[in-house]
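2 protein chains.
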Amino acid sequence: MKISVDFIPGGGVTSPRGFLAGAISAGIKYVNPGRLDLGILFSDSLCNAAAVFTRNKVQAAPVILCREKLIKNTATAVVMNSGHANACTGEKGMADAVKMAEMAARRLGIEPGEMLVTSTGVIGTYLPMERIAEGIEKIVLSTNGGHDLAQAIMTTDTVPKEAAVKAGDFIIGGMAKGSGMIHPDLATMLCFLTTDADVSADFLDKVLRETVENTFNMLSIDGDNSTNDTVLIMANGKAGGEKIDSGSPQAALFRQALSDVCIYLTREIARDGEGATRLIEVKVSGAANTAEARQAARAIITSSLVKAAVHGSDPNWGRVVAAVGRSGIELDNGKMEMSIAGTCLFKGGTPVPFNEEKVVRRMNGPEVSITVNLNIGSGEATAWGCDLSEEYVTINSDYTT
Amino acid sequence: MKISVDFIPGGGVTSPRGFLAGAISAGIKYVNPGRLDLGILFSDSLCNAAAVFTRNKVQAAPVILCREKLIKNTATAVVMNSGHANACTGEKGMADAVKMAEMAARRLGIEPGEMLVTSTGVIGTYLPMERIAEGIEKIVLSTNGGHDLAQAIMTTDTVPKEAAVKAGDFIIGGMAKGSGMIHPDLATMLCFLTTDADVSADFLDKVLRETVENTFNMLSIDGDNSTNDTVLIMANGKAGGEKIDSGSPQAALFRQALSDVCIYLTREIARDGEGATRLIEVKVSGAANTAEARQAARAIITSSLVKAAVHGSDPNWGRVVAAVGRSGIELDNGKMEMSIAGTCLFKGGTPVPFNEEKVVRRMNGPEVSITVNLNIGSGEATAWGCDLSEEYVTINSDYTT
Numbered sequence: 001m002k003i004s005v006d007f008i009p010g011g012g013v014t015s016p017r018g019f020l021a022g023a024i025s026a027g028i029k030y031v032n033p034g035r036l037d038l039g040i041l042f043s044d045s046l047c048n049a050a051a052v053f054t055r056n057k058v059q060a061a062p063v064i065l066c067r068e069k070l071i072k073n074t075a076t077a078v079v080m081n082s083g084h085a086n087a088c089t090g091e092k093g094m095a096d097a098v099k100m101a102e103m104a105a106r107r108l109g110i111e112p113g114e115m116l117v118t119s120t121g122v123i124g125t126y127l128p129m130e131r132i133a134e135g136i137e138k139i140v141l142s143t144n145g146g147h148d149l150a151q152a153i154m155t156t157d158t159v160p161k162e163a164a165v166k167a168g169d170f171i172i173g174g175m176a177k178g179s180g181m182i183h184p185d186l187a188t189m190l191c192f193l194t195t196d197a198d199v200s201a202d203f204l205d206k207v208l209r210e211t212v213e214n215t216f217n218m219l220s221i222d223g224d225n226s227t228n229d230t231v232l233i234m235a236n237g238k239a240g241g242e243k244i245d246s247g248s249p250q251a252a253l254f255r256q257a258l259s260d261v262c263i264y265l266t267r268e269i270a271r272d273g274e275g276a277t278r279l280i281e282v283k284v285s286g287a288a289n290t291a292e293a294r295q296a297a298r299a300i301i302t303s304s305l306v307k308a309a310v311h312g313s314d315p316n317w318g319r320v321v322a323a324v325g326r327s328g329i330e331l332d333n334g335k336m337e338m339s340i341a342g343t344c345l346f347k348g349g350t351p352v353p354f355n356e357e358k359v360v361r362r363m364n365g366p367e368v369s370i371t372v373n374l375n376i377g378s379g380e381a382t383a384w385g386c387d388l389s390e391e392y393v394t395i396n397s398d399y400t401t
Numbered sequence: 402m403k404i405s406v407d408f409i410p411g412g413g414v415t416s417p418r419g420f421l422a423g424a425i426s427a428g429i430k431y432v433n434p435g436r437l438d439l440g441i442l443f444s445d446s447l448c449n450a451a452a453v454f455t456r457n458k459v460q461a462a463p464v465i466l467c468r469e470k471l472i473k474n475t476a477t478a479v480v481m482n483s484g485h486a487n488a489c490t491g492e493k494g495m496a497d498a499v500k501m502a503e504m505a506a507r508r509l510g511i512e513p514g515e516m517l518v519t520s521t522g523v524i525g526t527y528l529p530m531e532r533i534a535e536g537i538e539k540i541v542l543s544t545n546g547g548h549d550l551a552q553a554i555m556t557t558d559t560v561p562k563e564a565a566v567k568a569g570d571f572i573i574g575g576m577a578k579g580s581g582m583i584h585p586d587l588a589t590m591l592c593f594l595t596t597d598a599d600v601s602a603d604f605l606d607k608v609l610r611e612t613v614e615n616t617f618n619m620l621s622i623d624g625d626n627s628t629n630d631t632v633l634i635m636a637n638g639k640a641g642g643e644k645i646d647s648g649s650p651q652a653a654l655f656r657q658a659l660s661d662v663c664i665y666l667t668r669e670i671a672r673d674g675e676g677a678t679r680l681i682e683v684k685v686s687g688a689a690n691t692a693e694a695r696q697a698a699r700a701i702i703t704s705s706l707v708k709a710a711v712h713g714s715d716p717n718w719g720r721v722v723a724a725v726g727r728s729g730i731e732l733d734n735g736k737m738e739m740s741i742a743g744t745c746l747f748k749g750g751t752p753v754p755f756n757e758e759k760v761v762r763r764m765n766g767p768e769v770s771i772t773v774n775l776n777i778g779s780g781e782a783t784a785w786g787c788d789l790s791e792e793y794v795t796i797n798s799d800y801t802t
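Quick note, the sequences are listed as chains B and G, same order.
Under my numbering, read the first sequence as residues 1 to 401, first letter to last.
Under my numbering, read the second sequence as residues 402 to 802, first letter to last.
Treat the hints with caution; some may be incorrect.
[Said to hold, decoys possible] No farther apart than 27 Å at their CA atoms in a straight line, the calculated lysine-lysine pairs in the DSSO-like style are these:
(1) G:Lys567 with G:Lys458
(2) G:Lys458 with B:Lys99
(3) B:Lys69 with B:Lys347
(4) B:Lys335 with G:Lys684
(5) B:Lys347 with B:Lys358
(6) G:Lys748 with B:Lys99
(7) B:Lys57 with G:Lys500
(8) B:Lys92 with G:Lys607
(9) G:Lys493 with B:Lys335
(10) G:Lys736 with G:Lys759
(11) B:Lys92 with G:Lys736
(12) B:Lys347 with G:Lys500
(13) B:Lys347 with G:Lys493
(14) B:Lys283 with G:Lys458
(15) B:Lys57 with G:Lys748
(16) B:Lys166 with B:Lys138
(17) G:Lys736 with B:Lys57
(18) G:Lys458 with B:Lys347
Calculated directly from the structure, the hints in this document are not laboratory data.
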C-alpha cells in the first residue's frame, strides 16, 4: 500500500502543533539593511531534537555550540540571524554565540541549555551584539510566524523555501535557506524541520541522517560547502499517538514524509541557486552499487561545463560522459546510455543521431533532466543542482566589498 | 651551485636540434574554419618517448592508440588536429585514428608504429577524414614550424603557449594547449615536449611523471578533465654528450630544465583559462605532509567562490579558509595564517584588520597570490588557476550549437 503524504498549501515550520515563530529587521545585514534578519523558532514544550552539521573542518561558533548543546538530544527553541556567519571569529565569536543564546532564552523564559543558535552570512566578521540584543527583545512569536522566519534566514536567496506535509496524524514542517556555497556534504545551507509527531531521539537522529544523505547531500550549486551548514529537526509530540521508533508501524510513514519535505526543499534550493535559471536533476542507474551511483551523479551535477551547457540549452552530451569518466567509478563505455531532457544521445559507445532543435527546445524549460544508465549493476542515485550563469559570477565577485 | 637554465626567446618545440614541424588550415574546425587545425611534429631520427595520459575512464581513440604505440617507448612523429576530439566515437573513431596515423606515416616515409596521433576539440563527433587526408598531403615541415603547430592545436585558447630552455649542451622545447575543461589529473590539455638531449627511456618516463605531478596536475581552470589529455616528450639525442639516466651527473640539470618549461606552460595555460582576466597562484606550506599540502592547494584553486572573489578583486578571505576546511586535511584553525596578494588577513583563528583599499588595488594586477601556512608540518605545494568570469559562462554555454 502506498503511504499517503499530502503537502499542506502554504505550510511551513509553524504548521505542526505547538510551534511558534517570529522575526524582525534588526539591521544586522550589510546588504539590504531593511530586510528581516533575526528570528526565533519556538516549541511550547521540550522537543526531542537531532541535527546534521557541516563536515568542513573550519566550523562556525554557533555550530560548535549547537553540537555541545545537542548531546542531550533535546531543544525548545532556536535563535537565528543572517548577515554574519560568526565563523573564523575566535574566542570572541564563541562568547557572542553563547550570549546570543542566553539573551533569547531569558526572553522566552527557558533554560539556556534548551536554546540553540544559528548564523549565516559573511565569514570573518563579528556579530553586532547590541543590535541583536535590542532585536531579541522585539521579536513577537505567533503560530503563523514561520513565513517571516523563512525570510529572516535568507542571504542571496531570492525566495523563501518552505514546506509542510500531513501524514496520518502528524505534520512535518520545514524551511531552508541556501543559494551559493552549496555542495554535497552540506553547504551554506540551513534547514529547520519541525514535527508534532512523538519521535524517539534515537530514531529521529537515524532517520534525519538517512534522509540528508539522499537529499541535501546530493545537492550542489557551486562545489563549495560552508562553515555553518546545519539541518535541525525538532519533534514535540503534540500530535499524540504512539511514540515512533525504528520498529514502530509509523516509522515508514515518518521516513517517507520527512523525505518528501527534504526533497521538496532540496529542489527549491537548487532552483534558487545563485544566478540559476533552471533546475538540473541527474539520475544515475545501473551502477555497480549505490555509492558509485552517487559518485557519478555528483560528478555530473558539479561539472561547470555541464552546468554552463545546460545554461545555453546546449545538448553537449560529451561533457556529461566525460564527467562520468572522471568520477572514477567502474564503467563500460560500450554499455552506457545517456539522455538529456528525455532524448537518448549516447549509447553503445557511439553518438546517437538526434533532432537537435527538439532537444534544445526541451532544454529551454525550467527543469532539465540528465539520466545515465551504466547497465552494469543496480546502484541508483539522484542529484540536484542548477545551471551556471554569468549572473552567478556577478553575484560572487562583489559580495563583501 | 645553482643549475643554470636559460629561456630561449621565441623558442618552442622546434628549438631543439633535429625537430621539424608544420601546420595548415584543413577546414576541420566548426568554429573559425580559417584557422590552422592540422599539423605534424617530426624528429629526423627515432626518439625515446614517454607520455602521461588522462585518468578519465572515458578515453578518446587517439589516447588509446598512443598508449599502445608507446609500449616500446619510442616515436618519430606526431600528427595532430584540433576541432574534433575523436572521443566517444566507438569503433569508427578508433579506425579513423589508426588511418590518420597511417596516412601521416606514409607521407613522411616512416613506419606507422612510429607515428603518434592526438586530437582535441568537441567530444562525440567523427573526424572529417577526407579533409584530414587532403590536409596531410599539403603540410610542409620546417625547422621553425613549431609556431604554426602551436596555433594548430588551439581550441578556445586565445594565445599559443610555447617555451624553450637551454641547459648545458641540450635544449628542451615545449608547446601546450588548454583553456577549459582543465583540472588536476590533466585536462583538455595537450602538451608536446621535445629535447635533443640523449635521455634513457626509463629516466625520461620517470622525470616526466614527477614533473607533471607538480605542474600540470596542479593546474585547474574549471574542475573538469577530459578524454584526450596528453603530455608527450620526445628525446632524439642530437645534442650529443653522455646519455642521461637517473644516476647521471646531468640528471638534476635535465629535471630542473624540464620543470622550468612545464611550470612556464602551466602558468600560461592558467593565465589563458577560458574567460580568465588574471592568474591565481596558491602556495600552501606547513601542512602535515606534501599530499595534504597538495589537497589544500587544489581545494582553494578549484573553489568557484574563491575564483569569483578574485575576479572582483574582493579580499573575501573567509572563502579561502572555508575551502581549506572543506579539503579534509589535518588543520588547527588557531595556527593557520592566510594572505592574499601579500597581506595577512587571518591569523590565530581570528580576522586580521587590514587596509582594504590597498589589498583591492594589489588584487587588480594580472597575478594574484594566495598563501596559506598551516604551521603544523613541512608539507608544501603550489597550484595554479584563474579567476571565474562572466565570460567563462558565455564561452561554455554556447559551444556546440
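Regarding the pair Lys458 (chain G) and Lys347 (chain B), is the alpha-carbon distance no greater than 27 Å? Since the Cα atoms of Lys458 (chain G) and Lys347 (chain B) sit roughly 16 Å apart, the hinted pair holds (cutoff 27 Å).
Pair hint Lys57 (chain B) and Lys748 (chain G), alpha-carbon separation not exceeding 27 Å: Between Lys57 (chain B) and Lys748 (chain G) the Cα gap is close to 16 Å, so the pair holds against 27 Å.
Run the distance test for Lys347 (chain B) versus Lys358 (chain B): straight-line Cα separation, threshold 27 Å. 19 Å, holds
Given the proposed pairing of Lys567 (chain G) with Lys458 (chain G), does the C-alpha separation stay at or below 27 Å? Judged against 27 Å, a Cα distance of about 37 Å means the pair is violated.
Keeping to a limit of 27 Å between CA atoms, is the pair of Lys748 (chain G) and Lys99 (chain B) held or broken? 24 Å, holds
Agreement of Lys347 (chain B) and Lys493 (chain G) with the hint, judged by alpha carbon distance not exceeding 27 Å: Holds, at roughly 14 Å.
Are the Cα positions of Lys736 (chain G) and Lys57 (chain B) separated by 27 Å at most? 13 Å, holds
For a C-alpha distance cap of 27 Å, please report whether Lys335 (chain B) and Lys684 (chain G) respect it. 42 Å, violated
Given pair status - Lys500 (chain G), Lys57 (chain B), alpha carbons within 27 Å: 53 Å, violated
Under the criterion that the straight-line Cα-Cα distance not exceed 27 Å, is the pair Lys283 (chain B), Lys458 (chain G) satisfied? 19 Å, holds
Going straight from one Cα to the other, do Lys347 (chain B) and Lys500 (chain G) come out at no more than 27 Å? Holds, at roughly 24 Å.
Straight-line alpha-carbon gap Lys166 (chain B) to Lys138 (chain B), limit 27 Å: Roughly 32 Å between the alpha carbons, so the hint for Lys166 (chain B) and Lys138 (chain B) is violated.
Of the numbered hints listed earlier, those contradicted by the structure are 1, 2, 3, 4, 7, 8, 16.
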